[in-house]
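Peer 1: The primary structure of each chain is shown beneath.
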Amino acid sequence: MAITATVNGKPVSFTGEPDTPLLWAVREELGLTGTKFGCGIAACGACSVHVDGELVRSCSLPVSEVAGKAVTTIEGLKGADGTLHAVQQAWIDIQVPQCGYCQSGQIMAAVALIKRAGKPSHDQIDEVMTNLCRCGTYPRIREAILKATGQAAEKAPSAAMGDA
Amino acid sequence: MGVKRRAFLIGGAAVIGGGIFALQYGDYAARRDGLALTKRDKAGSFTGWLRIGEDDRVTLYSPHIDMGTGNATALAQLAADELDADWDKMTVEQAPADEAFANAWLGKGFIGDVAKGSAVLGLVPHSIYSLMARKLVGQITGGSSATRFTGQQGFRVLAASARAALVDEAAARLGVAAGELTTARGIVTHAKSGKSLRYGELAVAAAKRDLNPEPKLKAAGDLVYIGKPVPRIDVPSKVDGSAKYGIDFALPDMRVATVMAAPSRGGKLESVDAAPALAIKGVEKVVKFDNAVAVVARGYWAALTGLRALDPKFGDGGHGGVNTKAMYAEQEKLVKDKAGAFDAKGGKLVELSYRAPFLHHMMMEPFALTAHHKDGKLQVWGGMQDPLATRKAAAQAAGLSQDDVMFHPMLLGGGFGRKLPGENAVIEQVVKLAMESPWPVKVIWPREEEVRHGTYRPQTAMTLKASLGTDGKVSSWQSTCAQDAQLEAGMAPLYAFPAIEQNHAKHKSNIAVASWRSVEASQHGFFHESFIDELAHAAGADPLEFRKRHLAAGSRAARVLDAAAKASGWGSPLPQGTGRGIAVVESFGTVCAHVVQVSLRDNGYPRVEKVWAAVDCGQVVNPLNAEAQVMGGIVMGLSAAIHEEITVDKGAVVQSSFPDYPLLTLAETPEIAIEFVQSDAPMGGLGEPGLPPAAPALANALFAATGKRVRQLPIRDQAKA
Ligand code: FES
Ligand code: FES
Numbered sequence: 046m047a048i049t050a051t052v053n054g055k056p057v058s059f060t061g062e063p064d065t066p067l068l069w070a071v072r073e074e075l076g077l078t079g080t081k082f083g084c085g086i087a088a089c090g091a092c093s094v095h096v097d098g099e100l101v102r103s104c105s106l107p108v109s110e111v112a113g114k115a116v117t118t119i120e121g122l123k124g125a126d127g128t129l130h131a132v133q134q135a136w137i138d139i140q141v142p143q144c145g146y147c148q149s150g151q152i153m154a155a156v157a158l159i160k161r162a163g164k165p166s167h168d169q170i171d172e173v174m175t176n177l178c179r180c181g182t183y184p185r186i187r188e189a190i191l192k193a194t195g196q197a198a199e200k201a202p203s204a205a206m207g208d209a
Numbered sequence: 014m015g016v017k018r019r020a021f022l023i024g025g026a027a028v029i030g031g032g033i034f035a036l037q038y039g040d041y042a043a044r045r046d047g048l049a050l051t052k053r054d055k056a057g058s059f060t061g062w063l064r065i066g067e068d069d070r071v072t073l074y075s076p077h078i079d080m081g082t083g084n085a086t087a088l089a090q091l092a093a094d095e096l097d098a099d100w101d102k103m104t105v106e107q108a109p110a111d112e113a114f115a116n117a118w119l120g121k122g123f124i125g126d127v128a129k130g131s132a133v134l135g136l137v138p139h140s141i142y143s144l145m146a147r148k149l150v151g152q153i154t155g156g157s158s159a160t161r162f163t164g165q166q167g168f169r170v171l172a173a174s175a176r177a178a179l180v181d182e183a184a185a186r187l188g189v190a191a192g193e194l195t196t197a198r199g200i201v202t203h204a205k206s207g208k209s210l211r212y213g214e215l216a217v218a219a220a221k222r223d224l225n226p227e228p229k230l231k232a233a234g235d236l237v238y239i240g241k242p243v244p245r246i247d248v249p250s251k252v253d254g255s256a257k258y259g260i261d262f263a264l265p266d267m268r269v270a271t272v273m274a275a276p277s278r279g280g281k282l283e284s285v286d287a288a289p290a291l292a293i294k295g296v297e298k299v300v301k302f303d304n305a306v307a308v309v310a311r312g313y314w315a316a317l318t319g320l321r322a323l324d325p326k327f328g329d330g331g332h333g334g335v336n337t338k339a340m341y342a343e344q345e346k347l348v349k350d351k352a353g354a355f356d357a358k359g360g361k362l363v364e365l366s367y368r369a370p371f372l373h374h375m376m377m378e379p380f381a382l383t384a385h386h387k388d389g390k391l392q393v394w395g396g397m398q399d400p401l402a403t404r405k406a407a408a409q410a411a412g413l414s415q416d417d418v419m420f421h422p423m424l425l426g427g428g429f430g431r432k433l434p435g436e437n438a439v440i441e442q443v444v445k446l447a448m449e450s451p452w453p454v455k456v457i458w459p460r461e462e463e464v465r466h467g468t469y470r471p472q473t474a475m476t477l478k479a480s481l482g483t484d485g486k487v488s489s490w491q492s493t494c495a496q497d498a499q500l501e502a503g504m505a506p507l508y509a510f511p512a513i514e515q516n517h518a519k520h521k522s523n524i525a526v527a528s529w530r531s532v533e534a535s536q537h538g539f540f541h542e543s544f545i546d547e548l549a550h551a552a553g554a555d556p557l558e559f560r561k562r563h564l565a566a567g568s569r570a571a572r573v574l575d576a577a578a579k580a581s582g583w584g585s586p587l588p589q590g591t592g593r594g595i596a597v598v599e600s601f602g603t604v605c606a607h608v609v610q611v612s613l614r615d616n617g618y619p620r621v622e623k624v625w626a627a628v629d630c631g632q633v634v635n636p637l638n639a640e641a642q643v644m645g646g647i648v649m650g651l652s653a654a655i656h657e658e659i660t661v662d663k664g665a666v667v668q669s670s671f672p673d674y675p676l677l678t679l680a681e682t683p684e685i686a687i688e689f690v691q692s693d694a695p696m697g698g699l700g701e702p703g704l705p706p707a708a709p710a711l712a713n714a715l716f717a718a719t720g721k722r723v724r725q726l727p728i729r730d731q732a733k734a
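Residue numbers (our numbering), protein chains in the order written: chain R, 46 to 209; chain Z, 14 to 734.
It is worth saying that the hints were derived from the structure and are not from the lab.
Each hint can be trusted.
Stretches of chain Z that chain R covers, calculated by requiring three or more beta carbons in the stretch to come under 8 Å of a beta carbon on chain R:
{"no.": "1", "segment": "246-254"}
{"no.": "2", "segment": "259-267"}
{"no.": "3", "segment": "304-317"}
{"no.": "4", "segment": "417-428"}
{"no.": "5", "segment": "453-463"}
{"no.": "6", "segment": "646-658"}
{"no.": "7", "segment": "662-676"}
Listed next, the in silico DSSO-like pairs over lysine-lysine satisfying Cα-Cα at most 27 Å (straight line):
{"no.": "8", "chain 1": "R", "residue 1": "Lys55", "chain 2": "Z", "residue 2": "Lys257"}
{"no.": "9", "chain 1": "Z", "residue 1": "Lys387", "chain 2": "Z", "residue 2": "Lys298"}
{"no.": "10", "chain 1": "R", "residue 1": "Lys114", "chain 2": "Z", "residue 2": "Lys294"}
{"no.": "11", "chain 1": "R", "residue 1": "Lys164", "chain 2": "Z", "residue 2": "Lys623"}
{"no.": "12", "chain 1": "Z", "residue 1": "Lys478", "chain 2": "Z", "residue 2": "Lys351"}
{"no.": "13", "chain 1": "Z", "residue 1": "Lys257", "chain 2": "R", "residue 2": "Lys123"}
Cβ coordinates follow ideal geometry from the N, Cα and C atoms, glycine included.
Kindly produce the complete structure, drawing on both the sequences and the hints.
Peer 2: Quick look at the structure:
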């Protein structure tokens, strides 16, 4: 029997095996490929989504567990009118992504953090943002979270040498 | 450094205007048109690499894939500037995986042996293209080369020639002297008469004109896009999940396969009972390869569940005795035998040995390729660092002519050298599965397979010897290393020592090696810059001052050292248990110096507090992205230095995923401040050079903080009291 849930506001039914991880159900059954596979063992965060608003590593959650629940993936973050979420906009403003592969998961983690903490502190960012990024975008991830929450430190422009 | 960027953004906004996201990658259909462009429809095409449409749209066909370095944006900036193009009308296309778009073709073109009559003949000075031809065979993205070679020496020159042809065409039509015309934002203007012509009106005729092989490039002061913080064209698609990577590709009825190869590389598959996998719902086939087993299913999870149900028996290929400890012992014996006599010439002899481990690239996207064989034609989709080489390897694996095979390059979730040619196992697997299937097949490697069957940075043992004269300077230097790698003799020292001897002993094992971000500079930078630091202490000198003793005043290395030191407050007092270290490494035409400030965590691991980097890469094309590249290099360099090691036991790689091959996390990442020094040096690369100084600067800082020298990577808790 199919498992019914809501994904990005739309009712869906998953017809695959109930032990299939949510990651593969959304990618292969629904064709929502913004959620990424990095390890399959809840160690990298590339597959992060929200289930009933909670941050979840979808590679390690059987799809049967989301029956009757609301799932949000990166594709569901934009407003109904297509406006980017404030976190997505900050990611563009700060130019966070490099290869970009980890960034869906990073953004989902950041959105969950901000929802919980409002204006997260340095330590809260450290604690929650445990998703891995091999391209080394961490400093800009931190900066973008601060920007999205109105905490971007206004530093005086300095005439750095060279190309400034 | 956030400071600098904001300043740039303000400056950039004024110049670039509102069209900053107009530049986009085209779709696959456009790529096919690109190929058609070189074959049939040449209207408005300048050598096939640059096309101006009648609608004024400027399309660049880039031979480089996007693995995260932002090269498409930089290439567009270089071309748009010389062309005086309208930024809103620029498009970058991924060039097809076709010989017509091989960089070697360009290279050969400028040496002069492509087909006679080609528009490309003689377009750019020979000196430049002989360099390109050597550096770039096929369509490689690597060697920090896209911007400095393809961009600066290719597209920029081509765009300048194209602009001149557009001006000549306009002059002929208006009946005025070319010198009376000016160009800006895609329009040629004759100020005296007030007449103007759009590039789109001129392009078809202009493209038929002879192109000037040595056009005059703009002076630094006239640049409009180069040097500006233009936002990257790929970024919007990477924040909303719409960017399509190799692993995301799908076709109707596609099957998904996953594989397990012999743990010991060189071992064969001896036997496997397929029944347990076939009992899993969704599993359709178990396929035996020479050295691996594959499970084909309706989806990845069924395939993986099937694979895990199997108990394949593999041979060890006779490599059962290979392990890390034995390898280091063999390498150190080779080093000892190879080093030979060293004449200290009456100076003080300093001799030290270092070790660096195998490293995995750990790009976040594991290998994933899709192939479909239909009506004698094979198509392959995925993210690889050399599309043309991938197409060739696929043709070979399929036993088809290259004309019957097409590879469609997609985004890469990281490359770092892992997806360069040479790694063909996954290509062979997907092609073989597709050739025997009526359906398209996607092969996804589990992370565990990826880690165990990587192509690693070579494990290296190094002994360095130097003689310290009474003048407090190095009088002779000898390096001897053993590793399995391309390079013959390690890396040349950056310093002007009177006598330098480099020895190398080849050490082979069954473990595959390949380029890893910054290649030899990563481990040899660590050896050299650790040793010079030890020499400074042996000479009782400040490490910064000691390095500068051996560098010409005003040299690139001396300038970046000074800049990084100044930014860090080098020499000012620090709390007990905190130390600063410095290192400088040149790689890919760029010189980079880092100062690292460190203390120890309770568990004895380094707490990197801050990194100051100073970079001389010549002209900075895009400061916003240049900073990102150096930052990424520093993070990856610290990650490797602190945590990363691939070890071998019984001929097989021990590690399998992130828990036993941890990467640096956000919480461990220090504040990073980066400066680009003003420089007239030829344009250098940026994808890699930020990495090499990280490990030695950190190890040197740990010595300053704790008095302990770490001579073997990874550092982990070696500096613990
Ligand atoms: S793929 Fe889920 S945490 Fe890595
Ligand atoms: S942007 Fe490449 S892994 Fe994070």
